[in-house]
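2 protein chains.
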Amino acid sequence: MDQTQDLFFMNVALEEAKLGASEGGIPIGSVLVIDGKIVGRGHNQRVQQGDPILHGEMDCFKNAGRLSAKDYAKATIYSTLSPCDMCSGAILLYKIPRVVMAENETFKGAEDYMRSRGLEVINLDLNEAKQLMREFISKNPQLWNEDIAE
Amino acid sequence: MDQTQDLFFMNVALEEAKLGASEGGIPIGSVLVIDGKIVGRGHNQRVQQGDPILHGEMDCFKNAGRLSAKDYAKATIYSTLSPCDMCSGAILLYKIPRVVMAENETFKGAEDYMRSRGLEVINLDLNEAKQLMREFISKNPQLWNEDIAE
Numbered sequence: 001m002d003q004t005q006d007l008f009f010m011n012v013a014l015e016e017a018k019l020g021a022s023e024g025g026i027p028i029g030s031v032l033v034i035d036g037k038i039v040g041r042g043h044n045q046r047v048q049q050g051d052p053i054l055h056g057e058m059d060c061f062k063n064a065g066r067l068s069a070k071d072y073a074k075a076t077i078y079s080t081l082s083p084c085d086m087c088s089g090a091i092l093l094y095k096i097p098r099v100v101m102a103e104n105e106t107f108k109g110a111e112d113y114m115r116s117r118g119l120e121v122i123n124l125d126l127n128e129a130k131q132l133m134r135e136f137i138s139k140n141p142q143l144w145n146e147d148i149a150e
Numbered sequence: 001m002d003q004t005q006d007l008f009f010m011n012v013a014l015e016e017a018k019l020g021a022s023e024g025g026i027p028i029g030s031v032l033v034i035d036g037k038i039v040g041r042g043h044n045q046r047v048q049q050g051d052p053i054l055h056g057e058m059d060c061f062k063n064a065g066r067l068s069a070k071d072y073a074k075a076t077i078y079s080t081l082s083p084c085d086m087c088s089g090a091i092l093l094y095k096i097p098r099v100v101m102a103e104n105e106t107f108k109g110a111e112d113y114m115r116s117r118g119l120e121v122i123n124l125d126l127n128e129a130k131q132l133m134r135e136f137i138s139k140n141p142q143l144w145n146e147d148i149a150e
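Chains as they are written, first to last, in our numbering: chain P, 1 to 150; chain U, 1 to 150.
No lab work stands behind these hints, which were simulated from the structure alone.
Mixed in with the good hints, there may be bad ones.
Unchecked claim - No more than 27 Å apart at the CA atoms, straight line, and that leaves these computed lysine-lysine pairs for DSSO-like:
id : chain 1 : residue 1 : chain 2 : residue 2
1  : U       : Lys74     : P       : Lys108
2  : U       : Lys130    : P       : Lys95
3  : P       : Lys70     : U       : Lys108
4  : P       : Lys95     : U       : Lys139
5  : U       : Lys70     : P       : Lys139
6  : P       : Lys70     : U       : Lys139
7  : U       : Lys18     : U       : Lys130
8  : U       : Lys70     : P       : Lys108
9  : P       : Lys108    : U       : Lys95
10 : U       : Lys95     : P       : Lys95
11 : U       : Lys37     : U       : Lys74
12 : P       : Lys74     : P       : Lys37
13 : P       : Lys130    : U       : Lys139
14 : P       : Lys108    : P       : Lys130
15 : P       : Lys37     : P       : Lys18
16 : P       : Lys139    : U       : Lys95
17 : U       : Lys95     : U       : Lys108
18 : P       : Lys95     : P       : Lys108
19 : P       : Lys95     : U       : Lys74
20 : U       : Lys95     : U       : Lys74
21 : U       : Lys108    : P       : Lys74
22 : U       : Lys95     : U       : Lys70
Stated by the list, open to error - The following label-pair restraints were derived from C-beta to C-beta distances:
id : chain 1 : residue 1 : chain 2 : residue 2 : range
23 : U       : Lys108    : P       : Ser68     : 21 to 29 Å
24 : U       : Lys70     : P       : Leu19     : 24 to 32 Å
25 : P       : Arg134    : U       : Ala69     : 15 to 23 Å
26 : U       : Lys37     : P       : Asn127    : 40 to 48 Å
27 : P       : Val12     : U       : Lys108    : 35 to 43 Å
28 : U       : Leu124    : P       : Asp112    : 29 to 37 Å
29 : P       : Glu135    : U       : Asn127    : 51 to 59 Å
All C-beta atoms, glycine included, are put in the ideal place defined by N, C-alpha and C.
Required output: the full structure, derived from the provided sequences and hints.
As structure tokens, this is what we get:
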């Protein structure tokens, strides 16, 4: 997949993140793509649903519904932030071969571990995503700490 | 915590697993315990809710709701089966220091990785849990494969 396509799908993940922000939630979004088509999208639901497991990537997997191992094996997951241990674990369980993040300055998840397990992990290093998180964290430091158990 | 207590709480996790079986679901249950009290319990919801992220442990975390890092730091999570990459990742995210499983013969998850990250991981090796999974898998091999993306 070329970078134009990656930027296109990341833009959808950023839309999800902004939707989360507009709901008063933690602005992290995610998109699951198979064969060039979006099969799931979601955003962090800690505030909106009071749910500690619905990080952006998890909400995306949930919304994509039950898929076969064959489907997951062709997928790319996009996230506006470096996937944490939980989300990386879900990516590993479902053997998603390719992970694209918008940034890892705000938080660096289990990138090295995913790479050690053979996954392709790409960082697009987008200022827009960093800015979204910077604004959110400056206003909601406790909420952010809760989301990463700090 | 002594083994009598571990067996007591694991019995609750096994009740959750059996509840899942009675609903036609995958019979894996989990309990989250803090300061000797159950703060969350749950079971695999793939069939019941069509949800690919609600493994037993994840359903348990979800039902426990939003907790502080301070709470998670005192917790033990019980699972009737060795936690997979996703569930181990959630355990690592929330820095749960102690993991007790009923068995790992049916499936061995990320036990070694959790230990390498400093967690105490205990296997009670209970025949009742193995029997539950044996019966389920013999009748529903495809469903089980879907749950672990095989």
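Results for each hint:
no.	hint	in the structure
1	Lys74(U) - Lys108(P)	25 Å, holds
2	Lys130(U) - Lys95(P)	25 Å, holds
3	Lys70(P) - Lys108(U)	22 Å, holds
4	Lys95(P) - Lys139(U)	25 Å, holds
5	Lys70(U) - Lys139(P)	22 Å, holds
6	Lys70(P) - Lys139(U)	22 Å, holds
7	Lys18(U) - Lys130(U)	12 Å, holds
8	Lys70(U) - Lys108(P)	22 Å, holds
9	Lys108(P) - Lys95(U)	16 Å, holds
10	Lys95(U) - Lys95(P)	24 Å, holds
11	Lys37(U) - Lys74(U)	11 Å, holds
12	Lys74(P) - Lys37(P)	11 Å, holds
13	Lys130(P) - Lys139(U)	49 Å, violated
14	Lys108(P) - Lys130(P)	12 Å, holds
15	Lys37(P) - Lys18(P)	21 Å, holds
16	Lys139(P) - Lys95(U)	25 Å, holds
17	Lys95(U) - Lys108(U)	20 Å, holds
18	Lys95(P) - Lys108(P)	20 Å, holds
19	Lys95(P) - Lys74(U)	31 Å, violated
20	Lys95(U) - Lys74(U)	9 Å, holds
21	Lys108(U) - Lys74(P)	25 Å, holds
22	Lys95(U) - Lys70(U)	10 Å, holds
23	Lys108(U) - Ser68(P): 21 to 29 Å	23 Å, holds
24	Lys70(U) - Leu19(P): 24 to 32 Å	31 Å, holds
25	Arg134(P) - Ala69(U): 15 to 23 Å	22 Å, holds
26	Lys37(U) - Asn127(P): 40 to 48 Å	46 Å, holds
27	Val12(P) - Lys108(U): 35 to 43 Å	37 Å, holds
28	Leu124(U) - Asp112(P): 29 to 37 Å	32 Å, holds
29	Glu135(P) - Asn127(U): 51 to 59 Å	54 Å, holds
The structure fails to meet hints 13, 19 from the earlier list, while all remaining hints are met.
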